Amino acid sequence: MGASTVGGMNRQGERGAGAPQAARRRAEARAGRIAAGVTELERRLADLLHGGFASAAQGGRGPWQETAARMVDAQAPGLAASVRELGATAAVGADWPARLLERCALLHLLGQAYLRVDRLPEGLAATVRSRVGVAVDTAALAESVPPLRDHWLVLSQRDGGDGRLATRRIWLHGRETGRTALLLSYGGGGRAPELSLDVGLGLDADLLFHPAARPLRATLAARHAAPVRRSAPPPGGDTAAALRAYGEALRDDPWLDSWPVVLRDVVPVPDPRLGWQLADARGDSAISVDARCDDRRGLWQLAAVSGGGPVTVFGECGHRGFLPLAVWGEELVPLRV
Amino acid sequence: MDTDVSWPDLVATALLGTGRRGSPVPCRPGQDAAQALLDAAAVHTVRRRAGALPGRARRRPGPAPDDPRPPLPPAARRRLTGILDDRAGPAGGRRAAGPDLVELLPQWLAAANGHGYRAQDELLPGLLDAARARTGLRPGALTLAGPRGLWLARLNPQWAYALRTPAPGGPPPAPGDAQRTWAEGLFAERSAVLATLRRHDPAAGRALLAGTWATERAEDRAAFVGLLREGLSAADEPFLEQALDDRSRDVRALAAELLAALPGSALAARMTGRARRCVSRPGPLVTVEAPHACDAAMRRDGISADPPSGSDRGSWWLGRIVEMTPLGFWPGRLGVAGAADAVALPVAGGRRADLHAAWCRAAVRSRDAEWARALLGPATAPPVPDGSPGRDPARLLSVLPPSERAAWAGRFVAAHGLSEAFRLLAVCEAPWARPLGRAVVDALVAAREAGGYPWSFSGVMGLAERCADPAEADRLAGAGPGPGPDHWTEAFARLEGTLRLRALMMRELEG
Chain A
-13 MGASTVGGMN RQGERGAGAP QAARRRAEAR AGRIAAGVTE LERRLADLLH GGFASAAQGG
47 RGPWQETAAR MVDAQAPGLA ASVRELGATA AVGADWPARL LERCALLHLL GQAYLRVDRL
107 PEGLAATVRS RVGVAVDTAA LAESVPPLRD HWLVLSQRDG GDGRLATRRI WLHGRETGRT
167 ALLLSYGGGG RAPELSLDVG LGLDADLLFH PAARPLRATL AARHAAPVRR SAPPPGGDTA
227 AALRAYGEAL RDDPWLDSWP VVLRDVVPVP DPRLGWQLAD ARGDSAISVD ARCDDRRGLW
287 QLAAVSGGGP VTVFGECGHR GFLPLAVWGE ELVPLRV
Chain B
50 MDTDVSWPDL VATALLGTGR RGSPVPCRPG QDAAQALLDA AAVHTVRRRA GALPGRARRR
110 PGPAPDDPRP PLPPAARRRL TGILDDRAGP AGGRRAAGPD LVELLPQWLA AANGHGYRAQ
170 DELLPGLLDA ARARTGLRPG ALTLAGPRGL WLARLNPQWA YALRTPAPGG PPPAPGDAQR
230 TWAEGLFAER SAVLATLRRH DPAAGRALLA GTWATERAED RAAFVGLLRE GLSAADEPFL
290 EQALDDRSRD VRALAAELLA ALPGSALAAR MTGRARRCVS RPGPLVTVEA PHACDAAMRR
350 DGISADPPSG SDRGSWWLGR IVEMTPLGFW PGRLGVAGAA DAVALPVAGG RRADLHAAWC
410 RAAVRSRDAE WARALLGPAT APPVPDGSPG RDPARLLSVL PPSERAAWAG RFVAAHGLSE
470 AFRLLAVCEA PWARPLGRAV VDALVAAREA GGYPWSFSGV MGLAERCADP AEADRLAGAG
530 PGPGPDHWTE AFARLEGTLR LRALMMRELE G
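Heads up: the sequence lines are chains A and B, in that order.
According to this note's numbering, the first sequence is numbered sequentially starting from -13.
According to this note's numbering, the second sequence is numbered sequentially starting from 50.
These are calculated hints, taken from the structure and not from any lab test.
Accuracy of the hints is not assured; some may be wrong.
Claimed, not checked - Label pairs and their calculated CB-CB ranges:
| # | chain 1 | residue 1 | chain 2 | residue 2 | range |
| --- | --- | --- | --- | --- | --- |
| 1 | B | Ala542 | A | Arg150 | 35 to 43 Å |
| 2 | A | Ala218 | B | Arg69 | 56 to 64 Å |
| 3 | B | Asp134 | A | Arg150 | 44 to 52 Å |
Keep in mind it's a predicted model, so treat the numbers as computed, not measured.
C-beta atoms are modelled at their ideal positions from N, C-alpha and C, and glycine is treated no differently.
Build the full structure now, drawing on both the sequences and the hints.
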């Protein structure tokens, strides 16, 4: 998803450069190139499954790199990123054939969806295009979607990304609408991303949600007042409700890795050996914490704030487990995970 | 779509290839086996992800104890967050121009604890990490972290050090708790219990150790004996005397050292007897005769027969004997009133350096301010060149009370400048008393006027940043631009900036 937006930024300058017909012709030409790329990717996936992962694993990463480069040529950076992930999964770690098959299958599903994109419902079609790598033109967004005004609470701001491009993910929650939104901001060449919002701030502002089957990604538009500090948590649920929310989101977008949720009354159970859990304060259910943040300082911050008692936690709930991003203690505390 | 086929079957087929195994699911018209496999795998994957259920909770940690202290004021909390994040940041990423905030952490912690604050919960992991890396931070950091910090440290093996660092000023453990922890606890927890007990009830601590002594491993015995230094008294002598016959060499050496620190002990009396045979004053001169052998009794009392390579055996044995003899023996033996007179006596046969070096070690070990003061001499006397055998003015200085230390170092700097001053300044407590800070700043200004280079004084400059009274910032600003190289302007600006920052940090703690 990240790569697709970069493409979008690069192309913003083209907007308005010609008549609407010319823009449409360009879009159609690009759609044709992507479709050709998808067809080629489908063929390569079929070849991979025909020959088997075991024999392909002997070929190293070379073939994956080559396929990824073909997807870049086809102007489908989203597919290129997915193919690179396939290459990183193959023959790496325990249980890799199962993980590789999952990724291949979901990529195949995306390819099949793109080849039928004109027949899909509008929201799902937008999701498929964005996952393939057709960026939403954020500058044109204001003309196509209505702004959503609310008091948005900044839940989390977290930086990531590779060495070349810093990616900042900011989660917001609207007090009146109950909607959760994800703002992305990028910084290239060693610069920090431009947008920075303090966790715990409340913004009276307009958001423009990017079209999708499950709109989540948004762009910050007009701000109506100076930000104020507020931190009352949004409504939340138990661990079963969190997993259910992710499951329901998958119904609309089967490619989602995770879904933002608020866990209410959970107790962090630290276990550096077996992996951390967040356990319901009542009952004996628990959700495992995403193993990728094991032993990071943020988890210990979470345990410290909890002090063994129930807390309310915001994070991303997905198939890898739960990634905690903020906890409500004496106030809303961002976690360094 | 047929989804009856199991996920492991799909994975096995994917691994070997549909070319070899065929498709485990039926193909739709126009679809080949590989595509049918991918379709089925996609359904399986999404279904499994969407249908995930919570697992079974493992044992939850017990509740953290309450901490009734007030939390850090907002500005101080942001300050500490910044310092701890800076530490966690990329190594070497520190800006050369700005002060190293981590260096200011010890005095910040002391000030924060002086106000009686607790750290906010989310700061505890950063505090525990910082104190794990730097032992000097531990007492201050653990005090600020309080009972919840200890509760947290119990959950993370990386913070085990916190369990064996006795909480300064903490309450004594209840007798039953102490017994149980001693019997069942981890090494770190047992050490903490023993150390705390020794502070409140030394006899109970010794009894605890004596009860299990025979079954402890050698390295644990050595560690535990070392903890008896806290609360050491004549009552410990029988126990230590029997430890002189321990199987472990480390235990024997430690026991001897502790017994030597008890002026009334039998070991001290034995050492005094040996010292009497070696040192006398038949006339105006002190005469010294080194022992000719190291017998079994001497070895039992902690004198190793073999000196470190390079020393003469007789001088080595003599030094050990004098070092382990109570200092109170000497004035009487030498026929003088006190330490100052003893130090001033001439010594025959070129043995003065040996004798004084051993007295220095004894003064440092027994923290005897009178002898340390006498051996140091006046601050205005010519400094001992660095590396002189046996004389270590900085260690002697560290025995004096803090205010006297600062005054002595201030006079030394005023008389001799900064070139020999670094180690002396390093043992002065921060923040420095006003006269010491003034002397150092004056000496820096003088060095600038003399055409020196600031990097020749970088060590002193760093100490001054951390330790000088922030009020010196105004004097620095008043010093104006100097005649010498321009690097001084930068160095003084940095020093002044850090002093002002320290003043700001202290104000933030006022709330």
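Here is how each hint holds up against the structure:
1. B/Ala542 / A/Arg150: 35 to 43 Å: holds, 36 Å
2. A/Ala218 / B/Arg69: 56 to 64 Å: With a Cβ separation near 60 Å, A/Ala218 and B/Arg69 satisfy 56 to 64 Å, so the hint holds.
3. B/Asp134 / A/Arg150: 44 to 52 Å: violated, 24 Å
Going down the numbered hints, you'll see the structure goes against just number 3.
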